[in-house]
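Mind docking chains Z and S with the ligands on chain Y? Use the hints.
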Amino acid sequence: MRPLRSGLPLDPLGSVIAILIGVALLAAPFVTYRANRIVSGEGRMLAEALPVLVAAAVFAVAFGAGLAAALIRNPLARLAAALVGLAAIFPAVGLSAVFLTPSGNSFARISPSVGFWLLTLSFALLAADSLTRLRLGPWARLAALATAFGAVALLLLSGAWDGLSILKEYATRSDSFWREARQHLFLALGSLAAACLVGLPLGMLCHRVRALRAGILQALNVIQTIPSIALFGLLMVPLGTLAAASPLAAGLGIRGIGAAPALLALFLYSLLPIVANTVLGLNQVPAVVVDAARGMGLSARQRLVQIEIPLSLPIILAGIRIVLVQNLGLATVAALIGGGGFGTFVFQGIGQSAIDLVLLGAIPTVALSFAAAIILDAATELAKGSA
Amino acid sequence: MIEIEHLTRRYGSTVVVDDVSLRVEEGAIAVVVGTSGAGKSTLLRMINRLVEPSAGRVLIDGQDTRTVPEDELRHRIGYVIQGYGLFPHRTVAENIATVPRLLGWGSKRIAARVNELLDLFQLDPAEFARKFPHQLSGGQQQRVGVARALAARPALLLMDEPFGALDAVIRAKAQEDLLAIQRRLGTTIVLVTHDMNEAFQLGDRIAVMDQARLLQYATPTELLTRPAEDFVERLVGTVERPFRLLSLTGVQAALEPGGAEGEPIALSDNLQNALSQLVWSGRESLPVADPNGVIVGRISVGGILAHGRPPA
Amino acid sequence: MSAFSILTRGLALFMLAVFIFAPQLFAFAFEPLTANNAPAIYNQGSLLSLTLSHLRIVVGATLASTVVAVALGIFVTRPAGLDFLPLSRSLVNVGQTFPPIAVLAIAVPLVGFGEKPTFIALFLYGLLPIFENTLSGLTQVSPLTLEAAKGMGMSPRQRLFQIELPLALPVILTGIRLSVIISLGTATIGSTVAAKGLGEVIIAGLQSNNVAFILQGGLVVALLAVLIHDGLSVAERAVARRLGRPADETT
Ligand SMILES: Nc1ncnc2c1ncn2[C@@H]1O[C@H](COP(=O)(O)OP(=O)(O)O)[C@@H](O)[C@H]1O
Ligand SMILES: [Mg+2]
Chain Y
7 MRPLRSGLPL DPLGSVIAIL IGVALLAAPF VTYRANRIVS GEGRMLAEAL
57 PVLVAAAVFA VAFGAGLAAA LIRNPLARLA AALVGLAAIF PAVGLSAVFL
107 TPSGNSFARI SPSVGFWLLT LSFALLAADS LTRLRLGPWA RLAALATAFG
157 AVALLLLSGA WDGLSILKEY ATRSDSFWRE ARQHLFLALG SLAAACLVGL
207 PLGMLCHRVR ALRAGILQAL NVIQTIPSIA LFGLLMVPLG TLAAASPLAA
257 GLGIRGIGAA PALLALFLYS LLPIVANTVL GLNQVPAVVV DAARGMGLSA
307 RQRLVQIEIP LSLPIILAGI RIVLVQNLGL ATVAALIGGG GFGTFVFQGI
357 GQSAIDLVLL GAIPTVALSF AAAIILDAAT ELAKGSA
Chain Z
11 MIEIEHLTRR YGSTVVVDDV SLRVEEGAIA VVVGTSGAGK STLLRMINRL
61 VEPSAGRVLI DGQDTRTVPE DELRHRIGYV IQGYGLFPHR TVAENIATVP
111 RLLGWGSKRI AARVNELLDL FQLDPAEFAR KFPHQLSGGQ QQRVGVARAL
161 AARPALLLMD EPFGALDAVI RAKAQEDLLA IQRRLGTTIV LVTHDMNEAF
211 QLGDRIAVMD QARLLQYATP TELLTRPAED FVERLVGTVE RPFRLLSLTG
261 VQAALEPGGA EGEPIALSDN LQNALSQLVW SGRESLPVAD PNGVIVGRIS
311 VGGILAHGRP PA
Chain S
191 MSAFSILTRG LALFMLAVFI FAPQLFAFAF EPLTANNAPA IYNQGSLLSL
241 TLSHLRIVVG ATLASTVVAV ALGIFVTRPA GLDFLPLSRS LVNVGQTFPP
291 IAVLAIAVPL VGFGEKPTFI ALFLYGLLPI FENTLSGLTQ VSPLTLEAAK
341 GMGMSPRQRL FQIELPLALP VILTGIRLSV IISLGTATIG STVAAKGLGE
391 VIIAGLQSNN VAFILQGGLV VALLAVLIHD GLSVAERAVA RRLGRPADET
441 T
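Protein chains in written order, with the working numbering: chain Y, 7 to 393; chain Z, 11 to 322; chain S, 191 to 441.
For reference, chain Y alone in the conformation it holds in the complex:
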């Protein structure tokens, strides 16, 4: 039991969030204005970044949401406050880009600044805390994810953010953006699929043949330990040699640099979680259940398909979740060896000191990983429920 406290019943976490909001509103620039793409920018406070009435409205809404965070403990009400806050600042930052760009000037760049990011962080924290406390079921979490993505998609399609510099970066390379997106997904999902095809049977084999288990898991463990660029580099040499020696391999697109070593490295990284979790999953199937199935005359194959795999599915799915999130992140590094993907923008951006370009690559990567984690967590939970 929590001892009753005297005085104002302030929520500790909510108070921290309220302070963050206060700092964001009063002490940090809302957006950054730059005369062109490369020069360093200058901050614009909320009051200067928007028409005065709009600025006042945004200020009031954000301030109110902060107060609600500090004073209200009901998670639904806190969630509502967070969503109202986000609904105010997201369109506002787009509007501010239109407001600040001198008419006819196509060089000026407006990008969200510390204040905006702090506000986003505060409301996201508040929303995340409320959602955690609400203990949503898997379907509700998926619905929440879909709603969030839907809302952002709507903002993007409506053109409300078109004035922001990150979308100007996008506008000048929309073709390559979608090409790299496909490539990114191809690298992450292709290596995952290959790892499942190899890893699941390998895991079952390790489960059956104890003698193999330690050796295989140890070898995979060593591979996991090798940093990504190093592994990419190590694989370039044999693949390059292979391409040089065999026209067939070269004809299949296998070369020392490019997608082939990246795909192979991601595949190798993926094996450990899949094999290890398959072994773990099969191991935790209670021996009595398998024994009972055997007693009822199920064949080894029937036992595997009807009993062992369904019962170990949640753990195997947890392995796949680890792999997918890991691959979506590691695929960014593939760009360094010409493998493409969102990393292309990140590294180009680093090279040109263009933060918007970095964000153009980083934000979709994070969004993808985030969505993958939520979707697979929900799937794991659903599998647990049905197993």
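Mixed in with the good hints there might be a few duds.
[As the list claims (entries may be wrong)] Coverage of chain S stretches by chain Y, computed from C-beta distances (three or more under 8 Å per stretch; other residues unrestricted):
{"#": "1", "segment": "203-216"}
{"#": "2", "segment": "413-426"}
[To be verified] Partial selection, computed: residues in chain Y whose CB lies under 8 Å from chain S:
{"#": "3", "residue": "Asp135"}
{"#": "4", "residue": "Arg139"}
{"#": "5", "residue": "Leu140"}
{"#": "6", "residue": "Val228"}
{"#": "7", "residue": "Ile232"}
{"#": "8", "residue": "Pro233"}
{"#": "9", "residue": "Ala236"}
{"#": "10", "residue": "Gly239"}
{"#": "11", "residue": "Leu240"}
{"#": "12", "residue": "Val331"}
{"#": "13", "residue": "Val364"}
{"#": "14", "residue": "Phe376"}
The hints are simulated quantities; they were obtained by calculation from the structure and are not laboratory data. The beta-carbon is built from N, C-alpha and C at its ideal position, and this holds for glycine as well.
For chains Z and S with the ligands alone, kept in the frame of chain Y given last:
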């Protein structure tokens, strides 16, 4: 001496311990029995203030426990729980040394005390001092748990189902050992159990609890012969009642002058055992011998049976 | 560990040390990979100093992460911090979906090129596994053990330092190992933002199309990571043994 006065504990609107008062004399063992959920553990934990009372107070040797800082109070009270809670990362010796160390004893004094306790509990220091808890059997863990609680020579020992995790044979031995050690050290003990046999074997006085209330607090004999409520009567067991009563009475009480044939019964034994020997040997009476083997009289079936019923 | 694995590890360590101190001895092995008379051994800096600065940044960042993450883990498991526990758990979950490279890339515009953004990325990303393991280590201490400690009159502080932290230590060490391994990799990528480290060798190879550079950089980084991982695992097991196997006390 412990005086519990009108002790009450509420969680929200549910009353878990309801206005319980009782007194435990110096050097006595009080056993609290009752079904699970009766509030026994809560009552016990209010004595060392692991649970703060909602009302009422506890006096130890006349001193209100609320006037002593919590931790200091607990240093002075031994505490043994079911499962023991031995520290898995510390050796047997380090576990036993816990409270002496908290009290800042010198290391020589601690080592001597640890060895003394290990000897007392029949654990060879050379073999056990450096073992970790997971290397011990259940019975050994239990002994270490009690030794640890006694390390700083507390005048009071609280035990919450201390034998609950042991199997029957080891439990009986552990109960005997506890009695022997308690008689030797004179420690006052409050012990919680849901096992009636344990209560009758160990308790100088037994407190029966049900649904947060203390139904009766009395000697074992009183509990059998004058149960305060139907619940107490059912709890002590109508079938076992006569035999429990006999087991609480010494041979002396039914000693008759004269002699008899057969293997003598010890004067220090109880009437239940004497009856058992009579039935088994098929005799009406047997001689009784004092500790020196001198026959001091005899004991008969009829004489014993008179003690197996409540006084008229 | 078997004699064989000790031998292979010892040999790997020896080879790595020789290569780092005197890479020229191995030039013959890398020569076949070069073209147009390109150098076979990295010649834009000493491998030794690159290795040292690589390790320095990893060790520094890990130390900082450990202090902060363990302190945070302790805070959210005390009564005063319990309000932050659910959120901090989900934050760690979300945080780990951020690729380390994204953190690195976003730090550059904020603090400029060099070691700073790398240090920040290593520090931030290194917090997650240590914090997560501190939490699970502290929360998996048996309630029975804590009840006994409290019943014997240990103060909250004594319980934390004498019971909870020692029992959680092996799990915390695992978190530190995970963090170090991730940091070794991220520091390699840090070379793209001009942090001094072994990634430089690989990047230089990629830029000048010199496969020999790529291979030797990859080998050194890979060996270093595998050996450090091994060494930390051994340390973890030793600590777990010294603290007694944390097993269920109830039998
Ligand atoms: N911290 C607590 N909060 C709420 N209820 C509690 C708490 N501790 C104990 N109880 C309730 O008090 C009752 C008595 O518990 P306890 O003293 O442990 O019983 P016993 O030891 O006799 O089995 C039980 O119904 C239990 O659920
Ligand atoms: Mg109890």
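Are any of the numbered hints broken by this structure? If so, which, sorted upward?
Of the numbered hints, 1, 5 do not hold.
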